[in-house]
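J.: Now for the letters of each chain:
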Amino acid sequence: MVLKIFFPTCCNTADSGLLIGRWIPGQDSAVVLAVIHYPFIPGQVKKYLSETQNQSQVDLAVLGSWSLPKDGQEGMDSFLKDLSTIFPNSRWLQLSREIGKRGFACQVVHNRITPPDPAQGGTDKKDQIIFIHYDQRKVMLSQLHPIHEESPGEESSELRAVFHTVAQSGPLFLLDRYDEGPLKLTHWQSEGREASIVVELSKQASVPLCIVLTWLVSLWQCGIRILNIWPVQFISSKMSTCVQTAYRTNHFQTVFSTKKATSHMEFMRKANIFVSFLVDMSLGLLLVSWLYRENHISQLANTLVKLSLYRFFLYHIHLWISYIRLMSPFIEMILWYVGLSACLGLTFALSVLSDIVALLTFHIYCFYVYGARLYCLKVYGLSSLWRLFCGKKWNVLRQRVDSCSYDLDQLFIGTLLFTILLFLLPTTALYYLVFTLLRLVVVMFQGVIHLAIDLINSFPLFAMGLRLCRSYRLAEGVKFRVLCEEPGTPLHLMMEINPLKCSSVLQRYRTPTYSCYPRDSWVDLCKKLFMGELIYPWKHKTTKTD
Amino acid sequence: MAEKNEFTDINGKAILLDCQNYSSFCREFTVSSPKVSLCKVIVCTCSVWLFAYAVFFVTENTAVLSSAIIITLVGMMMHIHLVKVEHETLLIIGSLGVQLSTSYASGRESTTFIEMSRIKDIVINEAVYMQSIIYYLCILIKDSGDPNGIASVVPLFQSSKPRLNCLVQVYKSCQAIIAQTR
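In order, the protein sequence lines correspond to chains A and B. So the first sequence is numbered by the UniProt record's numbering: it starts at 1 and just counts up by one. So the second sequence is numbered by the UniProt record's numbering: it starts at 1 and just counts up by one.
Simulated from the structure, these hints should not be mistaken for lab results. Note that CB positions come from ideal geometry on N, CA and C, so glycine has one too. Any given hint could turn out to be false.
Computed Cβ-Cβ distance ranges for the label pairs, DEER-style [to be verified]:
{"no.": "1", "chain 1": "B", "residue 1": "Y171", "chain 2": "A", "residue 2": "S90", "range": "34 to 40 Å"}
{"no.": "2", "chain 1": "B", "residue 1": "Q20", "chain 2": "A", "residue 2": "T9", "range": "21 to 27 Å"}
{"no.": "3", "chain 1": "B", "residue 1": "H81", "chain 2": "A", "residue 2": "G465", "range": "21 to 27 Å"}
Straight-line C-alpha distance at most 20 Å; calculated EDC-like pairs for lysine to aspartate or glutamate [claimed, not checked]:
{"no.": "4", "chain 1": "A", "residue 1": "K203", "chain 2": "A", "residue 2": "E266"}
{"no.": "5", "chain 1": "B", "residue 1": "K172", "chain 2": "B", "residue 2": "D18"}
{"no.": "6", "chain 1": "A", "residue 1": "K479", "chain 2": "B", "residue 2": "E115"}
{"no.": "7", "chain 1": "B", "residue 1": "K35", "chain 2": "B", "residue 2": "E109"}
{"no.": "8", "chain 1": "B", "residue 1": "K35", "chain 2": "B", "residue 2": "E6"}
{"no.": "9", "chain 1": "A", "residue 1": "K270", "chain 2": "A", "residue 2": "E200"}
{"no.": "10", "chain 1": "B", "residue 1": "K120", "chain 2": "A", "residue 2": "D28"}
{"no.": "11", "chain 1": "A", "residue 1": "K479", "chain 2": "B", "residue 2": "E28"}
{"no.": "12", "chain 1": "A", "residue 1": "K138", "chain 2": "A", "residue 2": "D407"}
{"no.": "13", "chain 1": "A", "residue 1": "K501", "chain 2": "B", "residue 2": "E109"}
{"no.": "14", "chain 1": "B", "residue 1": "K172", "chain 2": "B", "residue 2": "E6"}
{"no.": "15", "chain 1": "A", "residue 1": "K184", "chain 2": "A", "residue 2": "D28"}
{"no.": "16", "chain 1": "A", "residue 1": "K479", "chain 2": "B", "residue 2": "E6"}
Go ahead and model the full structure; you've got the sequences and the hints to work with.
T.: Below, the structure written as structure tokens:
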């Protein structure tokens, strides 16, 4: 059988001592986590191991001995062999390395607790050994995808077991060879402790800050509960500003909660929402700073007033014109204050823009509805009277066309009405066509704005940043490289982390949003337009409401 | 120990198979495709530029020429980064798994590793490809639900498409290693 030993690169030059790690159950492999140096007392080693085992839930054991003889340390080898009797185990690894050579030598001593299996012939076959070198820090921080949420009892995958073991062994890495204590260990922390004062301080400061923010968010939520009362709810579900506010409030609840994230997905979601919110705010502030410079607000007000007036429409209601003329001196001031809302984020500014467009083009919507209803009535009337002309009738019970014998007066009136409707058709169709085109232009514009909002809401910025800057944190798998070997030594492989592809990152870590997407296919849309049915092309995916 | 052999692919072009024997249970097979030919590059760029010059002659717009240059450059970069495969590697490590790696002409490498516990077998399969029938080497992946079933098939050496004599050599070595370490 081939025996696989996962060896951390930080222990390549460690002083002689004992190997601490874990035998992976069911597979012929072992993960080395740290090396305990001389001198040590075996009783203290056992006590330390049992303490760490309780803290980390990983079944640690002494795997064997490691020997890197330096000057003045000859005679260690015989001492090392005797250690296998102190730490009983079914297998004892004796790894050794000479300075100047790159390969390791390994000897496996089998302590037969159970008698050898007669089916195998009773003799020990010569074990073939592979050394797989891994970067301990990267493997500890990495998350292997696809993520299995359930706690691994029986790991069928060897690599998953290795990643899980290293990630859970945090308590083992607290003691170091430079600490004053009974035991001196070498692991990834020995290369230099990694910590940042800024990170630690912000961690300490974040807890009271989170409490204050959660309290503020709950106050705000009580305030906007007023939007759930029936008449107001109808309007607020149509206005994208209110929808966006509700969505963001939900997010704040998730991010500012004082509970620490337990699983990887929860942590990534929190981080994505937080980073996305920060970027949104900064883009909004940038927009505000651009808008309020060089008099852009008054230019915008002028354009809007011009657009909403009789640029394209000759059939404007007189009341609407006079209303706009009355409002035009105030529009600039209103816009100034509304523009300040862009401080809450670019998505907010875009949703306000979408709502302003919807309000200003409300008359187009009204005309479209009138024209569509008239046209629809006309088309139904024409089709029904055409059937009468042909001597057929629509059977509502059977949902099909049946033949029918009409009286003479029915036929006479029917034909008359048919002729009238037919000659009025071009006029109605033209009105319908014009207003539908205008409505479609407005709808497309709103759709583009909503797509932009959706993109900003759902893009996982933190996950993408992690993938670009610390690509080992999100792992799709591993890759192996054969290290140049010397003849006679076992095989050495270098295990590196294969980062997740960018498209997979986007797919897995997308924040779910109330995205709007087209309701009908192109064919259905054309059919509805032809028949004169009212079209509402964008459908909002409603989130669960209580 | 390295061995280099010359074979042909299904279209008749020469490919190179390189076998590296790291140990009795670890082998690496590299299939190298022929490099980008200078003739093809020259023909492509000349035709694009002649066409652009003809359009310029008709329309008298210099933007046509600069856009033709940009299109040629971008097209060549995308071709060597995304399409042109330099070599494909199969590294089989007994009782650990199989690693497939594709390296492109721009130096980009894309790697996947399949653990031995997921592999059912490595076989040579036949496929109908356009108007001919070709052989290809593939890895059968076990199905987690059904112990006798196959969840998916991963084909190997897809860009270089070697012929049966090359595949048989790789197949024999892989089967020897799998049998030895199972």
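J.: State for each hint whether it applies.
T.: Going through the hints against the structure:
In this structure, Y171 of chain B and S90 of chain A meet the distance hint of 34 to 40 Å, their C-beta atoms being roughly 37 Å apart. The given range of 21 to 27 Å is respected by Q20 of chain B and T9 of chain A, whose C-beta atoms sit roughly 23 Å from each other. A hinted range of 21 to 27 Å holds for the C-beta pair H81 of chain B and G465 of chain A, which are about 24 Å apart. Our distance criterion of 20 Å between C-alpha atoms is met by K203 of chain A and E266 of chain A, whose separation comes to about 18 Å.
Our distance criterion of 20 Å between C-alpha atoms is met by K172 of chain B and D18 of chain B, whose separation comes to about 15 Å. Between the alpha carbons of K479 of chain A and E115 of chain B the distance comes to roughly 11 Å, so the proposed pair stays at or under 20 Å and holds. This hinted pair checks out: K35 of chain B and E109 of chain B have alpha carbons roughly 16 Å apart, not beyond 20 Å. For the given pair, K35 of chain B sits about 15 Å from E6 of chain B by alpha-carbon distance, which is consistent with the 20 Å threshold.
Proximity of K270 of chain A to E200 of chain A is assessed by CA-CA distance (about 19 Å); at most 20 Å being required, the pair is judged to hold. Of the pairs offered as hints, the one joining K120 of chain B and D28 of chain A holds, with about 19 Å between alpha carbons and a cut-off of 20 Å not exceeded. A distance of roughly 14 Å separates the Cα atoms of K479 of chain A and E28 of chain B; the hinted pair therefore holds under the 20 Å criterion. This hinted pair does not check out: K138 of chain A and D407 of chain A have alpha carbons roughly 89 Å apart, beyond 20 Å.
Taken as a hint, the K501 of chain A and E109 of chain B pair is honoured in the structure, with Cα atoms around 13 Å apart against an allowance of 20 Å. About 17 Å separates the Cα atoms of K172 of chain B and E6 of chain B, which keeps this hinted pair within 20 Å; it holds. Between K184 of chain A and D28 of chain A, the direct Cα distance comes to roughly 29 Å. Violation of the 20 Å bound is thereby established for this hinted pair. In summary, the hint linking K479 of chain A to E6 of chain B is not supported, as the alpha carbons are separated by about 28 Å, beyond the 20 Å threshold.
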